[in-house]
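Participant: The chain contents come next:
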Amino acid sequence: MLEHILSTRQFLDRNALAGIFKRAEKLESADKRGRIPKLLKDKILSCVFYEPSTRTRFSFESALLKLGGQVISTESAGHFSSAIKGETLEDSIRIISGYSDIIVLRHYEAGAAERAAKVSSVPVINAGDGSGEHPTQALLDLYTIKKEIGRVDNFKIAMAGDLLCGRTVHSLIYLLSASRNVEIRLVSPRELRLPEKYKSFLKSREMKFFESDRLEEVLPKIDVLYMTRIQKERFSSARLYERVKNSFVLDGKMLAKLNKHAVIMHPLPRVNEISRVVDSDKRAAYFRQAKNGLYIRMALLSFLADGLLSRRKI
Amino acid sequence: MLEHILSTRQFLDRNALAGIFKRAEKLESADKRGRIPKLLKDKILSCVFYEPSTRTRFSFESALLKLGGQVISTESAGHFSSAIKGETLEDSIRIISGYSDIIVLRHYEAGAAERAAKVSSVPVINAGDGSGEHPTQALLDLYTIKKEIGRVDNFKIAMAGDLLCGRTVHSLIYLLSASRNVEIRLVSPRELRLPEKYKSFLKSREMKFFESDRLEEVLPKIDVLYMTRIQKERFSSARLYERVKNSFVLDGKMLAKLNKHAVIMHPLPRVNEISRVVDSDKRAAYFRQAKNGLYIRMALLSFLADGLLSRRKI
Amino acid sequence: MLEHILSTRQFLDRNALAGIFKRAEKLESADKRGRIPKLLKDKILSCVFYEPSTRTRFSFESALLKLGGQVISTESAGHFSSAIKGETLEDSIRIISGYSDIIVLRHYEAGAAERAAKVSSVPVINAGDGSGEHPTQALLDLYTIKKEIGRVDNFKIAMAGDLLCGRTVHSLIYLLSASRNVEIRLVSPRELRLPEKYKSFLKSREMKFFESDRLEEVLPKIDVLYMTRIQKERFSSARLYERVKNSFVLDGKMLAKLNKHAVIMHPLPRVNEISRVVDSDKRAAYFRQAKNGLYIRMALLSFLADGLLSRRKI
Chain A
1 MLEHILSTRQ FLDRNALAGI FKRAEKLESA DKRGRIPKLL KDKILSCVFY
51 EPSTRTRFSF ESALLKLGGQ VISTESAGHF SSAIKGETLE DSIRIISGYS
101 DIIVLRHYEA GAAERAAKVS SVPVINAGDG SGEHPTQALL DLYTIKKEIG
151 RVDNFKIAMA GDLLCGRTVH SLIYLLSASR NVEIRLVSPR ELRLPEKYKS
201 FLKSREMKFF ESDRLEEVLP KIDVLYMTRI QKERFSSARL YERVKNSFVL
251 DGKMLAKLNK HAVIMHPLPR VNEISRVVDS DKRAAYFRQA KNGLYIRMAL
301 LSFLADGLLS RRKI
Chain B
1 MLEHILSTRQ FLDRNALAGI FKRAEKLESA DKRGRIPKLL KDKILSCVFY
51 EPSTRTRFSF ESALLKLGGQ VISTESAGHF SSAIKGETLE DSIRIISGYS
101 DIIVLRHYEA GAAERAAKVS SVPVINAGDG SGEHPTQALL DLYTIKKEIG
151 RVDNFKIAMA GDLLCGRTVH SLIYLLSASR NVEIRLVSPR ELRLPEKYKS
201 FLKSREMKFF ESDRLEEVLP KIDVLYMTRI QKERFSSARL YERVKNSFVL
251 DGKMLAKLNK HAVIMHPLPR VNEISRVVDS DKRAAYFRQA KNGLYIRMAL
301 LSFLADGLLS RRKI
Chain C
1 MLEHILSTRQ FLDRNALAGI FKRAEKLESA DKRGRIPKLL KDKILSCVFY
51 EPSTRTRFSF ESALLKLGGQ VISTESAGHF SSAIKGETLE DSIRIISGYS
101 DIIVLRHYEA GAAERAAKVS SVPVINAGDG SGEHPTQALL DLYTIKKEIG
151 RVDNFKIAMA GDLLCGRTVH SLIYLLSASR NVEIRLVSPR ELRLPEKYKS
201 FLKSREMKFF ESDRLEEVLP KIDVLYMTRI QKERFSSARL YERVKNSFVL
251 DGKMLAKLNK HAVIMHPLPR VNEISRVVDS DKRAAYFRQA KNGLYIRMAL
301 LSFLADGLLS RRKI
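Chains as they are written, first to last, in my numbering: chain A, 1 to 314; chain B, 1 to 314; chain C, 1 to 314.
Read the hints as simulated data drawn from the structure, not as lab findings. Treat the hints with care, since some could be wrong.
Taking lysine-lysine pairs in the DSSO-like style, the calculated list, with each CA pair at most 30 Å apart, reads [unchecked claim]:
#: 1; chain 1: B; residue 1: 253; chain 2: A; residue 2: 282
#: 2; chain 1: A; residue 1: 85; chain 2: C; residue 2: 41
#: 3; chain 1: B; residue 1: 253; chain 2: B; residue 2: 232
#: 4; chain 1: A; residue 1: 85; chain 2: C; residue 2: 208
#: 5; chain 1: B; residue 1: 38; chain 2: A; residue 2: 41
#: 6; chain 1: A; residue 1: 118; chain 2: C; residue 2: 291
#: 7; chain 1: B; residue 1: 85; chain 2: A; residue 2: 146
#: 8; chain 1: A; residue 1: 291; chain 2: B; residue 2: 22
#: 9; chain 1: A; residue 1: 41; chain 2: C; residue 2: 26
#: 10; chain 1: B; residue 1: 32; chain 2: C; residue 2: 118
#: 11; chain 1: A; residue 1: 85; chain 2: C; residue 2: 26
#: 12; chain 1: B; residue 1: 260; chain 2: B; residue 2: 156
#: 13; chain 1: A; residue 1: 221; chain 2: A; residue 2: 203
#: 14; chain 1: C; residue 1: 146; chain 2: C; residue 2: 32
#: 15; chain 1: B; residue 1: 156; chain 2: B; residue 2: 232
#: 16; chain 1: B; residue 1: 22; chain 2: B; residue 2: 253
#: 17; chain 1: A; residue 1: 38; chain 2: C; residue 2: 32
#: 18; chain 1: A; residue 1: 85; chain 2: C; residue 2: 245
#: 19; chain 1: C; residue 1: 147; chain 2: C; residue 2: 118
#: 20; chain 1: B; residue 1: 260; chain 2: A; residue 2: 32
#: 21; chain 1: B; residue 1: 203; chain 2: B; residue 2: 282
#: 22; chain 1: A; residue 1: 41; chain 2: C; residue 2: 41
Partial list, derived from the structure: chain B residues whose beta carbon lies under 8 Å from chain A [said to hold, decoys possible]:
#: 23; residue: 44
#: 24; residue: 72
#: 25; residue: 75
#: 26; residue: 85
#: 27; residue: 89
#: 28; residue: 96
#: 29; residue: 99
#: 30; residue: 177
#: 31; residue: 178
#: 32; residue: 179
#: 33; residue: 180
Yeah, the Cβ is synthetic: ideal placement off N, Cα and C, and Gly gets one too.
Chain A extracted, bound-state conformation (with noise of 0.2 Å):
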């Protein structure tokens, strides 16, 4: 029974992750024939976002609503909540948790979510806390790479662009442990390799991985590209970006090195790393991954209103 969603570390059970996979499937079919069940009628949820994400705030709120839920929420809890007058998190969590079913947590700080879980009296979303987690994220990519290649297992692929900061990066390389027979391209500039902790989780786990910063030579080799945004304000210098930043550009030359069977993930938003000619590539899945959030996240809903139902029989 969940109780919160704070890391992806909670799902590293390949039998929950499947249950979690299948029901999304169902009501993705449930809702393409307009009837989802209504299984958070009269339930709650408050977004409460510190920093906006209106992509993944619509997404929570969206999931909700076609459960039959209702939502409160605010945008930037950080500019207009009593935030500004002092109040502690673990205070506003405390309240809100008491006009609430389920809270979703948006916040710059790593941790937050884990300490707004221990105060609150309803269970917490993580939805992003600063260069910590975004469990939800990791779930629906990896979900998006089961519909798009058809397993969980036995596959190659490379994460590209700024896996030294890229959150989503992290999380999905810890539920990725989860899979078997993955190997994994670690493609970056060397400023932006990944951290040593995230190389000795893959070591300790013992799955497959190199590191390169020529992307082109991965591109015919692997099943799933993903790809991230790379900041020019990450670099020291402006000649030092110039020299990189094109060969981490997906642009139409580079697509005819992909691998034809390999599909192109994105989590979104991407400025120019992917060109616009890429987008009616039919391996381009970004824009279905986005969608599959939706039903991941709908999915996980249900699952914690299970939690709740089973609380309230108590």
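Given the structure of chain A, go ahead and fit chains B and C onto it with the hints provided.
Facilitator: Frame of chain A, contents of chains B and C only:
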């Protein structure tokens, strides 16, 4: 079957217009009896406002809720969304259209709604795109004329104020080409005259119009007075502004000159171009006009729902 | 029949108060059983907040949703609405009251709620108007006293902190005049004493009160401790602030002096005037108090709905 609502020019068919107005009337009467049919049950509307407009947003949200649907909403997408990170409007709309059944878009750039419609998988309603169009406003304006003077043909209307930049004036001019025997007085300071483009349109449709810079002269002769705001900052010199400003304020003295059967409209917000004393005059229709927006938007949403339903059948 | 909720002084009738508290209790017990009657089905609440207050807004929105209604909401009407273009509060309210069944208004100016009620076609609830009133807060405060100590009469209360500017203290003082045999200790630094106006009110109602600047002296003798925030910036000199600040912090040492049967309240947000160690003391009632706000607001909304219903019958 409506797919998107982008421009006033989609509504120049007299039968279609009559159908919309009839449905608006029915919905108003159903509202008064507390018996609005839940035509948009389980439908989710996304309000995506890149610039704020509480009035327009509330009016759409209320319309949708009254029809049984649900709303996800952002007050200021420009500041809060991934737009800051450099995401294009097209990418945002692609994703949001996966989370909702209808999108209402307010944007600061002309043409934004059309760009959105091109990539959206669900109907897009233009709720104002910069200096472009605001079709639901023009429809509620003509609907108000119909309700207030009893007809959509055979009337004299003065449009007064800032005719150069007033988006609602431009949209209404297009729509009036669907009416018969309408005479238009364009009343503005010389600096704020109607652009040549719209005068050419009026000529091409053989519609009667006259330009004037003296409001008091037209007041006794008209059936409809459509006031708009004159902004001080439009004038190159403060002296110029001081010279003209009083000729375009409807105060008690000016009101005395207005035709007894005329009706006073304003797209709102007003600042001081209509004095408070006018509010209690029975010819003052601007608050009724704002309320009519609710029913016009309900009617339009319900027509879109027809489309959604028929698409589902396919 | 309630028409608007503007001031605490509307609630000085003991029978009316008892009726509100009784309904709040019923709704709380219905909520626990998951069986809240949908008394506001199909009703739309507008939350119009000219200054942000996530706590108060969430509490009203949750109350309305639990009663089966729907919400349209603006977090910061002052920045986002046509207020920037110069529209008056009155015009905004006239229009919004056409889109909704009840308006909850938070504004930065005293008297704003009364001005809004004059032009609104639907009930207005004052959710705080500048240095004016915050009637639903006072009601939930007295309701909390009733629930915590079992009575609304015959008790000793200390109000501590900033009595000069604390809007909630002022509102509660008015409301306590409906109670019998209440003794009030006004505990504040000399610089932040209760204004003469409220002391005159207390005298005119022959209510017992004493002023003090030593919190520890009153702690053993009271039934209710109502703490409020002391803001550093209120003091003319930092030295003055340093001298007094510790006398108004409820820490473990001070807590030891508090009457064993007393209850600790705070309108929240708190900063450091109540130490975290106090939270686990069973006398700490401030989070229960925040939750009580939900049921008091549900009760008030349901009484307004009675009025709406009877108006419809006419």
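Participant: Now tell me, hint by hint, if it's right for this structure.
Facilitator: Here's how the hints hold up against the structure:
1. With a C-alpha separation of about 68 Å, the suggested pair residue 253 (chain B) and residue 282 (chain A) falls outside the 30 Å cut-off, and the hint is violated.
2. For the hint pairing residue 85 (chain A) with residue 41 (chain C), the CA-to-CA distance comes to about 36 Å; that exceeds 30 Å, so the pair is violated.
3. Among the hinted pairs, residue 253 (chain B) with residue 232 (chain B) is consistent with the structure: their alpha-carbon atoms are about 22 Å apart, no more than 30 Å.
4. Simply put, residue 85 (chain A) and residue 208 (chain C) have alpha-carbon atoms about 33 Å apart, too far for the 30 Å limit, and the pair is violated.
5. A distance of roughly 18 Å separates the Cα atoms of residue 38 (chain B) and residue 41 (chain A); the hinted pair therefore holds under the 30 Å criterion.
6. Between residue 118 (chain A) and residue 291 (chain C) the CA atoms are separated by roughly 18 Å; this keeps the pair inside 30 Å, and the hint holds.
7. A threshold of 30 Å between alpha carbons decides the hint, and for residue 85 (chain B) with residue 146 (chain A) the separation of about 29 Å falls inside it, so the pair holds.
8. Between residue 291 (chain A) and residue 22 (chain B) the CA atoms are separated by roughly 37 Å; this puts the pair beyond 30 Å, and the hint is violated.
9. For the proposed pair residue 41 (chain A) and residue 26 (chain C), the alpha carbon gap of about 21 Å is at most 30 Å, so the pair holds.
10. The hinted pair formed by residue 32 (chain B) and residue 118 (chain C) meets the criterion: a straight-line CA distance of about 22 Å does not exceed 30 Å.
11. Proposed proximity of residue 85 (chain A) and residue 26 (chain C) is contradicted: the alpha carbons are some 34 Å apart, above 30 Å.
12. About 14 Å separates the Cα atoms of residue 260 (chain B) and residue 156 (chain B), which keeps this hinted pair within 30 Å; it holds.
13. Restraint check for residue 221 (chain A) and residue 203 (chain A): satisfied, since their Cα atoms lie roughly 22 Å apart, inside the 30 Å limit.
14. With a C-alpha separation of about 20 Å, the suggested pairing of residue 146 (chain C) with residue 32 (chain C) holds against the 30 Å cut-off.
15. At roughly 28 Å between alpha-carbon atoms, residue 156 (chain B) and residue 232 (chain B) fall within 30 Å of each other, so this suggested pair holds.
16. For the suggested pair residue 22 (chain B) and residue 253 (chain B), the alpha carbons sit about 37 Å apart, so the restraint of at most 30 Å is broken.
17. Of the pairs offered as hints, the one joining residue 38 (chain A) and residue 32 (chain C) holds, with about 20 Å between alpha carbons and a cut-off of 30 Å not exceeded.
18. Note on residue 85 (chain A) and residue 245 (chain C): the hinted pairing holds, with a Cα-Cα distance of about 17 Å set against a maximum of 30 Å.
19. Taking the CA atoms of residue 147 (chain C) and residue 118 (chain C), the gap is about 35 Å. The hint is violated against a cut of 30 Å.
20. Annotation: proposed proximity of residue 260 (chain B) to residue 32 (chain A) is violated, straight-line Cα distance about 57 Å (limit 30 Å).
21. Proposed proximity of residue 203 (chain B) and residue 282 (chain B) is contradicted: the alpha carbons are some 34 Å apart, above 30 Å.
22. For a cut-off of 30 Å, the pair hint linking residue 41 (chain A) to residue 41 (chain C) stands: about 14 Å separates their Cα positions.
23. Taken as an interface hint, residue 44 (chain B) checks out: its beta carbon lies about 6 Å from the nearest beta carbon of chain A, inside 8 Å.
24. Taken as an interface hint, residue 72 (chain B) checks out: its beta carbon lies about 5 Å from the nearest beta carbon of chain A, inside 8 Å.
25. For residue 75 (chain B), the interface hint holds, since its Cβ comes within 8 Å of a Cβ in chain A; the closest pair sits about 7 Å apart.
26. Because the beta carbon of residue 85 (chain B) sits about 5 Å from the nearest beta carbon in chain A, less than 8 Å, this interface hint is met.
27. Below 8 Å, beta-carbon pairs count as interface contacts, and residue 89 (chain B) has none with chain A, the closest being about 12 Å; its hint is therefore violated.
28. At its closest, the beta carbon of residue 96 (chain B) sits 6 Å from a beta carbon of chain A; the interface hint therefore holds under the 8 Å criterion.
29. Taking 8 Å as the C-beta cut-off, the interface hint given for residue 99 (chain B) holds, the closest approach to chain A being about 4 Å.
30. A hinted interface residue such as residue 177 (chain B) counts as satisfied when its beta carbon comes closer than 8 Å to some beta carbon of chain A; here the least separation is about 37 Å, so the hint is violated.
31. Interface hint at residue 178 (chain B): violated, since its Cβ lies 36 Å from the closest Cβ of chain A, which is beyond the 8 Å cut-off.
32. Annotation: residue 179 (chain B) was flagged as interfacial toward chain A, and the flag is violated, the nearest CB pair being 40 Å apart, outside 8 Å.
33. The interface hint given for residue 180 (chain B) is violated, since its Cβ lies 43 Å from the closest Cβ of chain A, which is over the 8 Å cut-off.
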